[in-house]
Amino acid sequence: MDRELSKLAGQFCVSYAKCGGINHIEGANLPSKLAVENLTRQLLQLMFPGYMEERPLGDQEIRDVTRARLSSVFDQLSAELDKSLDYRPIEGKDAGNVTLRFLRNLLDVRHILQTDAAAALEGDPAAISADEVMLAYPGVMAIAVQRMAHLLYREGIALIPRMMTEWAHSTTGIDIHPGASIGTHFFIDHGTGVVIGETCVIGRHVRIYQGVTLGALSISKHVKRDDGGRALSKKRHPTIGDDVTIYAGATILGGETKIGDRSVIGGNVWLTQSIGDDHVVTFEAQQMQIRPRQRAEAIDWQI
Amino acid sequence: MDRELSKLAGQFCVSYAKCGGINHIEGANLPSKLAVENLTRQLLQLMFPGYMEERPLGDQEIRDVTRARLSSVFDQLSAELDKSLDYRPIEGKDAGNVTLRFLRNLLDVRHILQTDAAAALEGDPAAISADEVMLAYPGVMAIAVQRMAHLLYREGIALIPRMMTEWAHSTTGIDIHPGASIGTHFFIDHGTGVVIGETCVIGRHVRIYQGVTLGALSISKHVKRDDGGRALSKKRHPTIGDDVTIYAGATILGGETKIGDRSVIGGNVWLTQSIGDDHVVTFEAQQMQIRPRQRAEAIDWQI
Amino acid sequence: MDRELSKLAGQFCVSYAKCGGINHIEGANLPSKLAVENLTRQLLQLMFPGYMEERPLGDQEIRDVTRARLSSVFDQLSAELDKSLDYRPIEGKDAGNVTLRFLRNLLDVRHILQTDAAAALEGDPAAISADEVMLAYPGVMAIAVQRMAHLLYREGIALIPRMMTEWAHSTTGIDIHPGASIGTHFFIDHGTGVVIGETCVIGRHVRIYQGVTLGALSISKHVKRDDGGRALSKKRHPTIGDDVTIYAGATILGGETKIGDRSVIGGNVWLTQSIGDDHVVTFEAQQMQIRPRQRAEAIDWQI
Chain U
5 MDRELSKLAG QFCVSYAKCG GINHIEGANL PSKLAVENLT RQLLQLMFPG YMEERPLGDQ
65 EIRDVTRARL SSVFDQLSAE LDKSLDYRPI EGKDAGNVTL RFLRNLLDVR HILQTDAAAA
125 LEGDPAAISA DEVMLAYPGV MAIAVQRMAH LLYREGIALI PRMMTEWAHS TTGIDIHPGA
185 SIGTHFFIDH GTGVVIGETC VIGRHVRIYQ GVTLGALSIS KHVKRDDGGR ALSKKRHPTI
245 GDDVTIYAGA TILGGETKIG DRSVIGGNVW LTQSIGDDHV VTFEAQQMQI RPRQRAEAID
305 WQI
Chain X
5 MDRELSKLAG QFCVSYAKCG GINHIEGANL PSKLAVENLT RQLLQLMFPG YMEERPLGDQ
65 EIRDVTRARL SSVFDQLSAE LDKSLDYRPI EGKDAGNVTL RFLRNLLDVR HILQTDAAAA
125 LEGDPAAISA DEVMLAYPGV MAIAVQRMAH LLYREGIALI PRMMTEWAHS TTGIDIHPGA
185 SIGTHFFIDH GTGVVIGETC VIGRHVRIYQ GVTLGALSIS KHVKRDDGGR ALSKKRHPTI
245 GDDVTIYAGA TILGGETKIG DRSVIGGNVW LTQSIGDDHV VTFEAQQMQI RPRQRAEAID
305 WQI
Chain B
5 MDRELSKLAG QFCVSYAKCG GINHIEGANL PSKLAVENLT RQLLQLMFPG YMEERPLGDQ
65 EIRDVTRARL SSVFDQLSAE LDKSLDYRPI EGKDAGNVTL RFLRNLLDVR HILQTDAAAA
125 LEGDPAAISA DEVMLAYPGV MAIAVQRMAH LLYREGIALI PRMMTEWAHS TTGIDIHPGA
185 SIGTHFFIDH GTGVVIGETC VIGRHVRIYQ GVTLGALSIS KHVKRDDGGR ALSKKRHPTI
245 GDDVTIYAGA TILGGETKIG DRSVIGGNVW LTQSIGDDHV VTFEAQQMQI RPRQRAEAID
305 WQI
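In order, the protein sequence lines correspond to chains U, X and B.
Residues 5 to 307 (the working numbering) are what the first sequence spells out, left to right.
Residues 5 to 307 (the working numbering) are what the second sequence spells out, left to right.
Residues 5 to 307 (the working numbering) are what the third sequence spells out, left to right.
Any given hint could be a false lead.
Any copy will do: because identical chains look the same in the list, a pair fits if it lies in one copy or spans two.
Claimed, not checked - Heads up, simulated DSS-like pairs for lysine-lysine below, C-alpha to C-alpha not over 30 angstroms straight-line: (1) K87 with K11; (2) K97 with K11; (3) K87 with K37; (4) K239 with K262; (5) K87 with K22; (6) K239 with K97; (7) K238 with K262; (8) K37 with K97; (9) K97 with K238; (10) K97 with K87; (11) K22 with K11; (12) K37 with K22.
None of these hints come from the bench; they were simulated from the model.
Put together the whole structure using the sequences plus the hints.
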């Protein structure tokens, strides 16, 4: 068996050398999935102190714990940024200055996250308190990660923003591209299956339910990008106005598609056209067929 | 850099003091996300002994292992309940008596879970054995967690029930509110994207597929609640009868909406009206357009 | 309290003895969920060396690391296969020969995965590089696990294939049965909510979006299986041709249902009929109702 495995190891190495597309040996040192995951968890603790703790933090401790956390996050993030900037350098940027700028910007993100939490408490009758929202709502965690990843996306950082949002995606079922620009008071309820595309622009006080897709409608697959990987081509994903509610399973597509302020998009609607302010879009009731079930009828679908 | 980080730590602390909505320092000691997650995993081992083990458990060992597990669960759960009852006290209840009552009720939950497992084996042609169902079916894990969380919800316990079901949600993609009342022989197949609301009442032998929403249709966001946080307002979510099957992507909304016994709701249906016993609801075939693809036609949607 | 818990432990043991369906004490030693999960992670490292690492691997190291990994995987997989073959023996197969055959076949799987990664890079305008695809795309991880599980399914191995794909399901929200036969250049974008059934046959260059179901439409729940648990009954799930794109939320059902080459299935379509080559299936625009929102109209659905 030993000889078999050694032979096999050799064959794997030959395969590794041949199959370039999914290898990265003797190449750049890439950001580590595990490190980005740990880093993102720690950033969530910076954003929501006390909520992720095992025990309460008193005023005396908080300054020390925060200072230690910032150091730890600084070290981890600059290490991964070093690899990303090695992989795709950006003029005038180094791991240190990008990390410091990012951490400073987190203060503003905290303020915006407060509006998101308020929107969650406001928008979900099942939510009893802000505490419950912080402890239990996947939509709040997903937007928190996306807002932080968005800062790095706007800096043009390669790989890390997407790795952060894909970790949030794997935990929450919510898939928001780090490129999306999202206004304050944003609330995703339930969330599993939500997909928000790279060039989406979303207003304030927008509420979205599970399974909603804000996607692209484009005749060209090739997206022009600048040196920082940011999309240059025309917008591919929709623009959503202020105070819009989009119900479960709705799909809205296209860079030219706009949903006006205060409009409501009903569940399971499929839209590729723009909707003005103050409109309601729903399914037609007539499209369903309701009939009595025949005595001998066995019905087994979708098994 | 040291000075920069110290200065930043100070600014974070100022932000923590200002932004009340997502802080909890010098306040109540809240149930810990991590502790509730570990506790829930251990409860699953109590429910399904042997299935989560690394090695087989023989009769001789089982009594000792179970005794040890019960002690461990007792300690962990009362610790988190202490925090919850500190946060929202309930007259006549303390962590010890709630925990003991909960553990005793788990015996009944085990019996009901057996019916859920049987329903899974019965309802999924891809299921070969009860063992496969126990080892691999996310729907079984999700209902197991919900039935346990429901016990605590009915006691009026704050925060913990929702934290348990949100952990199950993050693992399975299935989002069942701890308030939902669900009959025996309940089976969710595939499950990703299922949302079942707080005031749902579901009968026996109900089968649900992925992406189904049993949600609310209400003109008022404000839900009256009793001191224990249990919903007092009129029912917001549907009532599902016995022997109902609801196929993938269907959405059923409203506290007044009833689905009668033995009825079948087809995939992607969107319902806000009641359906009697023995009915079938499906999409109309005419709503689709099927056409030949033009030679030069490039079609790229939803990218 | 001690006495209470001891009494309770006794009652749990009585329950364990009674409720046979979800017990497995003094029975077969089943494959461990945890072991299969660890094993699957290590297999992903064999498939994508360097991408899951914390640090770069140079040529010198790669042979040693690969050799060590193969040993570790060999030991773990044969241990779990021993349990599976004990549970359901297969004539002529033992853990050792199945494991060796499996590891050799992984070389071919690597080549096919390269086509899947290329399809992801080709099919998603948001993908900047193969590296990003490898590091961040849940669809690539899901198909990698399924292709490996499929090898064991075809050997007739009990339990393990489904445990592997359900772990991938819990991480990615993508549910592909190990029995599905999937051609090269397969790409699932976003992916949350995708369900692909046991007897699906999928061609090459197929692209699928989130929430797509390829499910069964059958009048009989009972599936004939051979001794190895492989489905013998007529096909329950659809056949998808080459170069087909299926957009978000589409549902295609039935073993007789065929989607022809180069056809496009629009979002949210629900199909139980076959579609020829070069066709496009979409929703009818007329089915939506778009109306102005009344001044005093409050609209709260699906809360």
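Structure-based check of all given hints:
1. K87 with K11: Only across copies: K87 and K11 sit 27 angstroms apart there, 34 angstroms inside one copy, limit 30 angstroms.
2. K97 with K11: This pair counts as between: shortest inter-copy Cα distance 22 angstroms, intra-copy 46 angstroms.
3. K87 with K37: within (12 angstroms within a copy, 32 angstroms between copies)
4. K239 with K262: For K239 and K262, the Cα distance is within 30 angstroms only inside one copy (11 angstroms; across copies 35 angstroms).
5. K87 with K22: within (24 angstroms within a copy, 36 angstroms between copies)
6. K239 with K97: For K239 and K97, the Cα distance is within 30 angstroms only inside one copy (27 angstroms; across copies 56 angstroms).
7. K238 with K262: Answer is within: at 14 angstroms inside a copy they meet the 30 angstroms cutoff, but 36 angstroms across does not.
8. K37 with K97: within (22 angstroms within a copy, 37 angstroms between copies)
9. K97 with K238: For K97 and K238, the Cα distance is within 30 angstroms only inside one copy (27 angstroms; across copies 58 angstroms).
10. K97 with K87: Answer is within: at 13 angstroms inside a copy they meet the 30 angstroms cutoff, but 46 angstroms across does not.
11. K22 with K11: Result: close within a single copy only, 17 angstroms intra versus 51 angstroms inter.
12. K37 with K22: within (24 angstroms within a copy, 34 angstroms between copies)
Violated hints: none; the structure is consistent with every hint.
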